[in-house]
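Chemist: Listed below, chain by chain, are the residues.
There are 2 protein chains.
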Amino acid sequence: MANSLRIVVVGGVAAGPKAAARARRLDPEAEITIVEKDRLLSYAGCGLPYYISGLVENRNDLMATPIGVLRDPDFFAKVKGITVLNETEATRIDRAAKELEVRHLPTGATKRLPYDKLIIATGAEPIDPPIPGNDLQNVLRLKRVEDADRFRELMTSNSCPMVTIVGGGLIGMEMTEAVTACGSAVTVVELLPQILTMFDVEMAALVEQHMRKVGVRVLTSTKIERIVGDEQGRVKSVVTSAGEFPAQLVLISVGIRPNVQLARDAGLIIGPSGGINVNEYMQTSDPDIYAAGDCAEKRCFVRGTACFLPLGSVANKEGRVAGSNAVGHIERFHGVAGATALKVFELNTGRAGLTAQQARDLGIRVVSATVAAPDKPHYYPGAEPIILKLVADRATRQLIGIQGVGTGDVIKRIDVATTAMTAEMTVDEVANLDLAYAPPYSEAMDVLIHGANILRNKLDGLLEGITPDQLKAKFDAGEDFVLLDVRSPAERETFSLPQSIHIPLAALRGRVAEVARDKEVIVYCKTSLRAWEACRILAGLGYNNTKILDGGVMAWPY
Amino acid sequence: MANSLRIVVVGGVAAGPKAAARARRLDPEAEITIVEKDRLLSYAGCGLPYYISGLVENRNDLMATPIGVLRDPDFFAKVKGITVLNETEATRIDRAAKELEVRHLPTGATKRLPYDKLIIATGAEPIDPPIPGNDLQNVLRLKRVEDADRFRELMTSNSCPMVTIVGGGLIGMEMTEAVTACGSAVTVVELLPQILTMFDVEMAALVEQHMRKVGVRVLTSTKIERIVGDEQGRVKSVVTSAGEFPAQLVLISVGIRPNVQLARDAGLIIGPSGGINVNEYMQTSDPDIYAAGDCAEKRCFVRGTACFLPLGSVANKEGRVAGSNAVGHIERFHGVAGATALKVFELNTGRAGLTAQQARDLGIRVVSATVAAPDKPHYYPGAEPIILKLVADRATRQLIGIQGVGTGDVIKRIDVATTAMTAEMTVDEVANLDLAYAPPYSEAMDVLIHGANILRNKLDGLLEGITPDQLKAKFDAGEDFVLLDVRSPAERETFSLPQSIHIPLAALRGRVAEVARDKEVIVYCKTSLRAWEACRILAGLGYNNTKILDGGVMAWPY
Chain A
1 MANSLRIVVV
11 GGVAAGPKAA
21 ARARRLDPEA
31 EITIVEKDRL
41 LSYAGCGLPY
51 YISGLVENRN
61 DLMATPIGVL
71 RDPDFFAKVK
81 GITVLNETEA
91 TRIDRAAKEL
101 EVRHLPTGAT
111 KRLPYDKLII
121 ATGAEPIDPP
131 IPGNDLQNVL
141 RLKRVEDADR
151 FRELMTSNSC
161 PMVTIVGGGL
171 IGMEMTEAVT
181 ACGSAVTVVE
191 LLPQILTMFD
201 VEMAALVEQH
211 MRKVGVRVLT
221 STKIERIVGD
231 EQGRVKSVVT
241 SAGEFPAQLV
251 LISVGIRPNV
261 QLARDAGLII
271 GPSGGINVNE
281 YMQTSDPDIY
291 AAGDCAEKRC
301 FVRGTACFLP
311 LGSVANKEGR
321 VAGSNAVGHI
331 ERFHGVAGAT
341 ALKVFELNTG
351 RAGLTAQQAR
361 DLGIRVVSAT
371 VAAPDKPHYY
381 PGAEPIILKL
391 VADRATRQLI
401 GIQGVGTGDV
411 IKRIDVATTA
421 MTAEMTVDEV
431 ANLDLAYAPP
441 YSEAMDVLIH
451 GANILRNKLD
461 GLLEGITPDQ
471 LKAKFDAGED
481 FVLLDVRSPA
491 ERETFSLPQS
501 IHIPLAALRG
511 RVAEVARDKE
521 VIVYCKTSLR
531 AWEACRILAG
541 LGYNNTKILD
551 GGVMAWPY
Chain B
1001 MANSLRIVVV
1011 GGVAAGPKAA
1021 ARARRLDPEA
1031 EITIVEKDRL
1041 LSYAGCGLPY
1051 YISGLVENRN
1061 DLMATPIGVL
1071 RDPDFFAKVK
1081 GITVLNETEA
1091 TRIDRAAKEL
1101 EVRHLPTGAT
1111 KRLPYDKLII
1121 ATGAEPIDPP
1131 IPGNDLQNVL
1141 RLKRVEDADR
1151 FRELMTSNSC
1161 PMVTIVGGGL
1171 IGMEMTEAVT
1181 ACGSAVTVVE
1191 LLPQILTMFD
1201 VEMAALVEQH
1211 MRKVGVRVLT
1221 STKIERIVGD
1231 EQGRVKSVVT
1241 SAGEFPAQLV
1251 LISVGIRPNV
1261 QLARDAGLII
1271 GPSGGINVNE
1281 YMQTSDPDIY
1291 AAGDCAEKRC
1301 FVRGTACFLP
1311 LGSVANKEGR
1321 VAGSNAVGHI
1331 ERFHGVAGAT
1341 ALKVFELNTG
1351 RAGLTAQQAR
1361 DLGIRVVSAT
1371 VAAPDKPHYY
1381 PGAEPIILKL
1391 VADRATRQLI
1401 GIQGVGTGDV
1411 IKRIDVATTA
1421 MTAEMTVDEV
1431 ANLDLAYAPP
1441 YSEAMDVLIH
1451 GANILRNKLD
1461 GLLEGITPDQ
1471 LKAKFDAGED
1481 FVLLDVRSPA
1491 ERETFSLPQS
1501 IHIPLAALRG
1511 RVAEVARDKE
1521 VIVYCKTSLR
1531 AWEACRILAG
1541 LGYNNTKILD
1551 GGVMAWPY
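Line by line, the protein sequences are chains A and B.
Be aware that the first sequence starts at 1, since it is given in the working numbering, and climbs by one per residue.
Be aware that the second sequence starts at 1001, since it is given in the working numbering, and climbs by one per residue.
Hints may be right or wrong, so weigh each one.
Calculated lysine to aspartate or glutamate pairs in the DMTMM-like style (CA-CA distance at most 25 Å, straight line) [as the list claims (entries may be wrong)]:
| # | chain 1 | residue 1 | chain 2 | residue 2 |
| --- | --- | --- | --- | --- |
| 1 | B | 1547 | A | 135 |
| 2 | B | 1343 | A | 384 |
| 3 | B | 1078 | B | 1029 |
| 4 | A | 78 | B | 1491 |
Anything over 10 Å on all C-beta distances counts as not near chain B; from chain A, calculated [to be verified]:
| # | residue |
| --- | --- |
| 5 | 40 |
| 6 | 112 |
| 7 | 212 |
| 8 | 231 |
| 9 | 271 |
| 10 | 360 |
| 11 | 384 |
Calculated from the structure, these hints are not laboratory results.
Even for Gly, the Cβ is constructed at its ideal location relative to N, Cα and C.
Using the sequences and the accompanying hints, generate a full structural model.
Modeler: Encoded structure:
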C-alpha cells in the first residue's frame, strides 16, 4: 500500500464526501481522508428548514442513507473505506511539501497529512452584517445542524410568537414558511425594492402577493437599523427604516459567501466572484489541488461569466468531477445555468438563465413573454395555474432565461427550459419540443410551448406586449392610453383593472368603433390568449399600436 | 374580399382547428372554412377516458375553452371568424380545379368548395380486426364523443360488471383504469408477450405487476378467438386462447391507423408508415395541400425513420405549422422523439426515443442503465419511487431513449431527456445538466443524473449490468452463477431473490472469501447503488466478472 495515491479532502458536507466516494470507487487502493471541522458530516443542508418546521421529524433522516444508515465516520470507514477526521480543522496547506496541517479541535492536537491530491470543499458561510444587536441571544444564522437544533428548540418552546427574518432570499423564504408552519408570525425585512432578486420585479411581486395573502408581513426597501434586547440580553424588537417591530427571534439570512481563507492563504487564485478559481476539471491554480462545491467559482454558460452559486445540486456534480480527476479519470464540468427551485408556501417557484433585467444589464436586446395557464387541461381534476416568464435574445432567437411561479408544476418547465438553454436552443426549437402529453400531466400544447410561441410571435413582429410593472408605471405616470378588457361579462364582474373599457372578444368585430384609433391600445384578458386574438382582429382593422398585457389578469401582481 | 386567400381545412378535432386558428391570426382577410364529418368538433379526444370514468363530470368541459365557452360553429364564427361546416363529409379533392367536394350528411346536399390552400387533418380510425362477434351489441370502439357517451351510459347502468379490453396499448390501459374506477372487473387480452410495446419487456412487466396488484386480469400472448352473444345479441363472453371469460362489454382497442382515403384518392403520396407524406413544412406531394395531425406521417429524429404517432401534442404543433405555411408565414416542424405519457392507476409512466430492443433492432450497439430512486429526498414527505431506464448508443455516447415507471414524478424526467435527445446530447452532457434542486422537488443529484452517471460508468468499462429479464432467463436456464445480496439483514427479511447469498455491504471486505472467485457474480441491493459499490470493492480484490442487477429489487418485476 506504500505507493497508493493519497487523497485528502477538506470539508465533509456535500462536495467533499461526493468527491471522496467517487475517488474510492475509481481507485480501490487509494488512501482517502476527509477532514471536517464540525462533528456532523454528510448531512442534507438544504433539508434544515424542513427539519425546523417539523416536516422532517427526525434530524438523523438528514444524515442517513435512504435505508436509514447514519453517514458517520464509522459508516465511511466500513462501507466506503474512507477515513474521516471530524472536529478537525484544516489550518494550512503546505503546497511545497504537499501536506495539510490540521488541528483536532477538542484536544488541540495538530498533525500534517501528506497528500498527492488535495480537494478543497470548504463550502460557504452566512454573511453577518454589522447590525447593532446582532450578538443578542436569539439572533440566529442558519448553517449547521446545531443552528437548526437551536432554532427548532425555540420554535417548539412557543416562546417566540414573532419572528423577524432579515433578508428576502432563498433561505429567508424557506425559513419564512418553516416559521409560519410552527405558528409564529413572520416579518421579512429586505433592503432591496423586491424579495428574491433571482426574479424580475413583477415575478417577485407575485411571490410577495402570495406571502401577504398567507399573513406574512413583507417589508421591501427597508433597512434594519438595530436589534433591541431586553434586560436578559434576549431580542425583543427590531428597529427598521419602516418602524419598530416586536420580535423574540431574529434570523439573519442576507446571503452567504464562499469559505476561501484556506485557499487564499495557500496562494491559490481567487476568482472575481469571490470563489476559488477552477478550470473545467475543478483544478485550482495548483494542479494538485482541486476545489468543488460552494467554495469554488462557477461559470454560468448562459451569462458567460463567473458567478457564485451555492447549491447542493451543483456541489455534488462538481465533487464527482473533482474526485474523478484526482485519481486520473478525466472528467469535465460544463458550468451552470443557475437553475434554482424554491417552494414558498403553496407556490412552486423556479428560474434558470437570465432574468430580463439581468440580460438588459449585460447589453442584450431582450424579448420576453409571460404565459399564464393551468399546468394540465382545465377539465382534468387538480389542474393548477402556473405563470412562466421566458426571456430570449432578439439577435439570436435563443432562449436565455425562464422564471416560473404557481401552485402547479413549475419545476418541470424550468428543467426542460434549462436543458434547452444548455443546448443553446432557439425559441423556435423549444416550441417544437415533443414533450410527453397526457391529460394527467399537461396540455396538448404545454404551457412552455405556448410561451415559446408567444416569443416567436413577438420576435416575428406579430405581437407586442407590456409587462405588469410597465403598465403600472403608465398608471402611476397618468399616461393616456386605451386599456381594453376582452373577457366575458362574468369574468369582468369579479375583478378588473382600473380605467379599462370592456368589449368581450366575440363582440369586438362589431363594436370596434368604441376603441380609439389614435391611441395606444393595451388589451388584456385572463391569460393574454384572447388579448392576442383581439390584437390580431384590431390589426386586421388597421390599428397599428396595440399591445397585450403580458400574462393577463392571472399574472397581475398588484 | 374577392382576392382574399381561401383556406379549406378538412377535419375539426385537433390539428384542423389549430391550423385554421393560426391562419386566421396571421391573415385577418383570409376566408377560412373547416369541414367536419361529425357534429361535434374541437374536443379533447385524449380526455374521453376521464369522462367515461366520471373524473371529468361534464362532457362539455372537453369541448369548452378554459373559461367555459363551447367551441361550436357559432364560437368559431364569432370569435375566430372561421366558417364551420359540420356533419359534412369531404368526398373528393379536385386538385386540377382546386376544389373540395363535400356532402352535408343530414340532407345529402353536395357542393364544391374552391380553395387556394387545402389542409387535410382527417385524423385516425380505430383498427377493427375481423373477430367473429365484433358486431354484437356492447362491442365498442373509442373514437368519438358519442362512443364515450355510449360507454359511460353502460358503465353508469351497472349492467356490465365484467369488461374485456382487447389490446394492451395506450387506450387499452387508460380505459382499464377508467372501467375499474367505475367498479367493473377488467380483463385485458393482448396478443403479444407484453403490454405496452412502447416499453422494453421488463419495464412493461412493472406495469403489468401493478395492474395485477389492483385486481386487473392481464392476459399476454393471448389471442381473442371470438366474442359470444346472448339471445338478445348482447355480448356475454369472450373466447380466447387462454379460455373463455364472461364479459358484458368488450372494448376493441388494438390500435389505430391514419385516415388517408381522401388523400390517397386524390393521388397524394402515402408514406411507408401509412400516413400522408409531408415535408417539414407539412406540405404534401401537392404544394397547395398540407396535412397535419394523426393522418400525416411523422419523422422520428431519434430513429431517423418515418413513423405513425397519433398524439394530440404532435397534432397541435403540426396544425400550427400547416396553418402558418398556408398563409405564407414560413415555419418548419422538426419531427418527433416519440415522447409519450400514460397514467395507469397510481403509476406514472412515460417514454421517448428508442427502447433498448428497438435500438438493437436498428443495429445500434446499445448500453442501458436502470435506476430506481425516490423522486425527491427520502426524508421529504411524499417522496415516491420512480424507475428510469436510459438507453445510449455505445458508439456516440448519445442518449437515445428513456422509459420511466413509478408513483413518483416520472414525466419531468421524460421531458428533460426528450429535450436532451432533441439536442443530441451525450450521457456525459445529461449528467452535467444543471437541473433545479430543492428538497420538495428532487434529490441534489436527480435520479436522471444518477441514471446518466450509471451509463457513463458502463460506457467507461467500470461497471457491467444485467437486466431483470436477462437474470430471469439465467434462472430459467439453470445457469451457474453467484447471486450476491448486499442489503441489510432487515431488508433481506422482507424479500430476497432465489438462490442468493447474503453479505451486507459493510461486511463485504471482511467476508469476501465467501464469494466464489471463478464464477460470474451478480450483485443486487434495493436500488443497485450499493451493488455498484460492492462491485468496485470486488474489482479491487481481483474479481473480474461482476455485474449489478439493473435497478435492484425496486425494479424487479417478477
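Chemist: Okay, which hints does this one fail, numbers in order?
Modeler: 1
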